[in-house]
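Protein chains in written order, with numbering that gives the first Met the number 0: chain A, 0 to 154; chain B, 0 to 572.
Simulated from the structure, these hints should not be mistaken for lab results.
Model, not experiment: these values are computed from the prediction.
Any given hint might turn out to be false.
Straight-line Cα separation of at most 30 Å, DSS-like style, residue types lysine-lysine; simulated pairs [what the hints assert, rightly or not]:
hint: 1; chain 1: B; residue 1: LYS477; chain 2: A; residue 2: LYS141
hint: 2; chain 1: B; residue 1: LYS108; chain 2: B; residue 2: LYS93
hint: 3; chain 1: B; residue 1: LYS128; chain 2: B; residue 2: LYS93
hint: 4; chain 1: A; residue 1: LYS61; chain 2: B; residue 2: LYS253
hint: 5; chain 1: A; residue 1: LYS83; chain 2: B; residue 2: LYS209
hint: 6; chain 1: B; residue 1: LYS304; chain 2: A; residue 2: LYS141
hint: 7; chain 1: B; residue 1: LYS224; chain 2: B; residue 2: LYS334
hint: 8; chain 1: B; residue 1: LYS304; chain 2: A; residue 2: LYS61
hint: 9; chain 1: A; residue 1: LYS141; chain 2: B; residue 2: LYS64
hint: 10; chain 1: B; residue 1: LYS311; chain 2: A; residue 2: LYS61
hint: 11; chain 1: B; residue 1: LYS97; chain 2: B; residue 2: LYS190
hint: 12; chain 1: A; residue 1: LYS141; chain 2: B; residue 2: LYS334
hint: 13; chain 1: B; residue 1: LYS519; chain 2: A; residue 2: LYS83
hint: 14; chain 1: A; residue 1: LYS61; chain 2: B; residue 2: LYS480
hint: 15; chain 1: B; residue 1: LYS122; chain 2: B; residue 2: LYS209
hint: 16; chain 1: B; residue 1: LYS324; chain 2: A; residue 2: LYS141
hint: 17; chain 1: B; residue 1: LYS253; chain 2: A; residue 2: LYS141
hint: 18; chain 1: B; residue 1: LYS253; chain 2: A; residue 2: LYS83
hint: 19; chain 1: B; residue 1: LYS97; chain 2: A; residue 2: LYS61
hint: 20; chain 1: B; residue 1: LYS224; chain 2: B; residue 2: LYS368
hint: 21; chain 1: A; residue 1: LYS83; chain 2: B; residue 2: LYS477
hint: 22; chain 1: B; residue 1: LYS128; chain 2: A; residue 2: LYS61
hint: 23; chain 1: B; residue 1: LYS430; chain 2: A; residue 2: LYS61
hint: 24; chain 1: B; residue 1: LYS499; chain 2: B; residue 2: LYS519
hint: 25; chain 1: B; residue 1: LYS477; chain 2: A; residue 2: LYS61
hint: 26; chain 1: B; residue 1: LYS108; chain 2: B; residue 2: LYS64
hint: 27; chain 1: B; residue 1: LYS108; chain 2: B; residue 2: LYS209
hint: 28; chain 1: B; residue 1: LYS368; chain 2: A; residue 2: LYS61
hint: 29; chain 1: A; residue 1: LYS141; chain 2: B; residue 2: LYS368
hint: 30; chain 1: B; residue 1: LYS224; chain 2: B; residue 2: LYS128
hint: 31; chain 1: A; residue 1: LYS141; chain 2: B; residue 2: LYS311
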Amino acid sequence: MGRASSSSSSSIESSSNHFAFSSSKASSSSQRDLSTDLRLGLSISTSPSFPREQQSDWPPIKPLLRQALAEDENECNSATFFVKVYMEGIPIGRKLNLLAHQSYYDLIRTLENMFTTNIIWAEAEVDGDHYEKYHVLTYEDKEGDWMMVGDVPWE
Amino acid sequence: MMMIIVDEVIEHIFDFITSHKDRNSVSLVCKSWYKIERYSRQRVFIGNCYSISPERLIARFPGLKSLTLKGKPHFADFNLVPHDWGGFLDPWIKAFAKNRIGLEELRLKRMVVSDESLELLSKSFVNFKSLILVSCEGFTTDGLAAIAANCRNLRELDLQENEVDDHRGHWLSCFPESCTSLVSLNFACLKGEINLAALERLVARSPNLKSLRLNRSVPLDTLQKLLMRAPQLLDLGTGSYVHDPSSEAYNELKASIQKCKSIRSLSGFLEVAPRCMAAIYPICANLTFLNLSYAAGLHGNALTKLIQHCNKLQRLWILDCIGDKGLGVVASTCKELQELRVFPSDPYGAGNAAVTEEGLVLISAGCPKLNSLLYFCQQMTNAALITVAKNCPNFIRFRLCTLDPTKPDPVTNLPLDEGFGAIVQSCKGLKRLSLSGLLTDQVFLYIGMYAEQLEMLSIAFAGESDKGMLYVLNGCKKLRKLEIRDCPFGNAALLEDVGKYETMRSLWMSSCEVTLGACKTLAEKMPRLKVELINDSDQMEFNLDDDQKVEKMYLYRSVVGHREDAPEFVWIL
């Protein structure tokens, strides 16, 4: 998934890469649990009603594919998750380790320092007088829609 | 006046009969035809290497040139069969070498292949042209070095998903400068580094190269150089597909790819930078086969954008991160689609798969030519399966796997009996079926009733009683392979019609209700069936109590005696 390619191919990934907080599809299954995004590798996976866990004979896929996918998962369990953030008008993006931050506030503070601007996100208080100096922080979700950062819980 | 058709004429006619089935039929007509057929037969297919011996094979078909040989049972793919169970290539090669068989092509699946056999192979057959190894193990890159060095006329070296011990030697450099005959080279499954310069030189001197599949160690800039040398390729598997899209190397790649107008089949992307996929767009419209099952780094927009360019696709292999919506894109783009495989991107099945019945319904509606499916999903509904059955009556292969293997229809909470029933009733040509989800004996009643062409059936965590298995054994006249795990089928089902198993290639039952006593009874009654009991490889002792349930049983028909190469954890009754 996105996290894997982020950690292995550093500077190439654009901010259109999925973050941890890419929302699941709005529509479908009520079984989707937004707070457990497995792509971060940090969440607690919902164990299936089926008793076997982490067996190497289920699901029935070939060992080579299983290894390749597991390696992918392992890469994500390390403590880094780099994303690239672009500011409008500047072609060069800045790399940032999401997992080095504890909360949105933490992240926003870092970004504000990096880009020397004020950042509008889901919980920002907008001061109308200084509107021109603000940048809105967005990310592209799974469906390709641009969403404002901060709606989904940090975890 | 009598017209006598001379043997040579008959032989000439037989030249036009190529399918194994037809040639087998022809050989049964009369003694004369049997004799003519066997001397003229060049290609032989052996679905179970223990059903016959090398000596018998050679005795009957001295003109053998091309052999397909399969070893371990299919469930070995899922770690259900211990390594060293069997399926050794060695005795075959030794026998062929000794009897001076003019072997030219060898295709192996789930066999244990040693470096020694590869070396013997490389030195024994002057006209050897083609080696295809699928899901094999037991060899290292040293064996490949021998093949490269010694097979003067090698056209094809195709390694598909084998477990190879990579010694990181220079096996690729062992192809002599005089080797210019390569048509197909696939080493995607190798884990180690290869000599890139040697690879470039090899490709440069192989004008007939049509198929090239690289491994992860081949970087993008080497790919560019290779494509420059081989714009005539039909089939390409990229290695690592990672680069900076603003670099010169990437631009050169774009230019090189554009010249490859013949590429119809694309795979690889073992490591992938989504922003580099745009380089592929120019050739997408020509693709008939796209395999992204190892491209875990590709999803979301980058993935769907790529697919939107592939409107002639006939076969698509993909990971479930494409999502239901992504499958919708496939459905509206790939109108020629015949085969779809959606693999789970989470190998432990503990999380949520990103596809559900919705994606499958979309595909069935958009792709009426669909005839082959492998679909790992979060859930399935009867309604969806019924719709799919209506939309796509042409399925030949239908394999479904819900990640929770006993999951009912989430909407109705019912078993998936009706859904699969609709599939078998509608798809009159169905040859292969894998079931999943909550299933009772009812689904097997449907299968026995309607699946008249069914040749292979895979069942896991399904059924309620022996009746289930009996419906299948009694109903499916063309059944050749039946594999069952974790089902409540027992002795009554196993022993009801023992003659049935001689019409089949094999039966696998693991974690079922079958006891040792019943297996013994079966073995006694049917001497031409080999009944193997398999323990885990660290468990050498067999519990000798007749009432003890058997953990793993594999039975197969054979015209020769017990195999002598069985390890200690295998007991052949």
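Hints and how they fare:
About 45 Å separates the Cα atoms of LYS477/B and LYS141/A, which puts this hinted pair outside 30 Å; it is violated. Restraint check: the Cα-Cα separation between LYS108/B and LYS93/B comes to about 18 Å, which is no more than 30 Å; the hinted pair holds. Taking the CA atoms of LYS128/B and LYS93/B, the gap is near 18 Å; set against the 30 Å cutoff, the hint holds. Between LYS61/A and LYS253/B, the direct Cα distance comes to roughly 33 Å. Violation of the 30 Å bound is thereby established for this hinted pair.
Distance hint between LYS83/A and LYS209/B is unfulfilled; the C-alpha atoms sit about 39 Å from each other, more than 30 Å. Between LYS304/B and LYS141/A the alpha-carbon distance is near 13 Å, which keeps this suggested pair within the 30 Å criterion. The straight-line distance between the Cα atoms of LYS224/B and LYS334/B is roughly 34 Å, outside the 30 Å bound, and the hint therefore fails. With a CA separation close to 28 Å, the supplied pair LYS304/B and LYS61/A stays within the 30 Å bound.
The hinted pair formed by LYS141/A and LYS64/B fails the criterion: a straight-line CA distance of about 52 Å is larger than 30 Å. With a C-alpha separation of about 28 Å, the suggested pair LYS311/B and LYS61/A falls inside the 30 Å cut-off, and the hint holds. Between the alpha carbons of LYS97/B and LYS190/B the distance comes to roughly 34 Å, so the proposed pair goes past 30 Å and is violated. With a CA separation close to 24 Å, the supplied pair LYS141/A and LYS334/B stays within the 30 Å bound.
For the suggested pair LYS519/B and LYS83/A, the alpha carbons sit about 65 Å apart, so the restraint of at most 30 Å is broken. A threshold of 30 Å between alpha carbons decides the hint, and for LYS61/A with LYS480/B the separation of about 19 Å falls inside it, so the pair holds. Taken as a hint, the LYS122/B and LYS209/B pair is honoured in the structure, with Cα atoms around 26 Å apart against an allowance of 30 Å. Annotation: proposed proximity of LYS324/B to LYS141/A holds, straight-line Cα distance about 10 Å (limit 30 Å).
The suggested pairing of LYS253/B with LYS141/A holds, with an alpha-carbon distance near 27 Å, which does not exceed 30 Å. A threshold of 30 Å between alpha carbons decides the hint, and for LYS253/B with LYS83/A the separation of about 24 Å falls inside it, so the pair holds. Between LYS97/B and LYS61/A the alpha-carbon distance is near 35 Å, which puts this suggested pair outside the 30 Å criterion. Of the supplied pair hints, the one linking LYS224/B and LYS368/B is violated, its CA atoms being roughly 38 Å apart against a limit of 30 Å.
Simply put, LYS83/A and LYS477/B have alpha-carbon atoms about 57 Å apart, too far for the 30 Å limit, and the pair is violated. Under the criterion of a C-alpha separation no larger than 30 Å, the hint pairing LYS128/B with LYS61/A is consistent with the structure, at around 28 Å. The suggested pairing of LYS430/B with LYS61/A holds, with an alpha-carbon distance near 22 Å, which does not exceed 30 Å. With a C-alpha separation of about 17 Å, the suggested pair LYS499/B and LYS519/B falls inside the 30 Å cut-off, and the hint holds.
Proximity of LYS477/B to LYS61/A is assessed by CA-CA distance (about 27 Å); at most 30 Å being required, the pair is judged to hold. Between LYS108/B and LYS64/B, the direct Cα distance comes to roughly 18 Å. Compliance with the 30 Å bound is thereby established for this hinted pair. Under the criterion of a C-alpha separation no larger than 30 Å, the hint pairing LYS108/B with LYS209/B is consistent with the structure, at around 23 Å. This hinted pair checks out: LYS368/B and LYS61/A have alpha carbons roughly 27 Å apart, not beyond 30 Å.
Between LYS141/A and LYS368/B the CA atoms are separated by roughly 29 Å; this keeps the pair inside 30 Å, and the hint holds. Proposed proximity of LYS224/B and LYS128/B is supported: the alpha carbons are some 26 Å apart, at most 30 Å. Between the alpha carbons of LYS141/A and LYS311/B the distance comes to roughly 25 Å, so the proposed pair stays at or under 30 Å and holds.
When the structure is compared with the earlier hints, violations turn up for hints 1, 4, 5, 7, 9, 11, 13, 19, 20, 21 and for no others.
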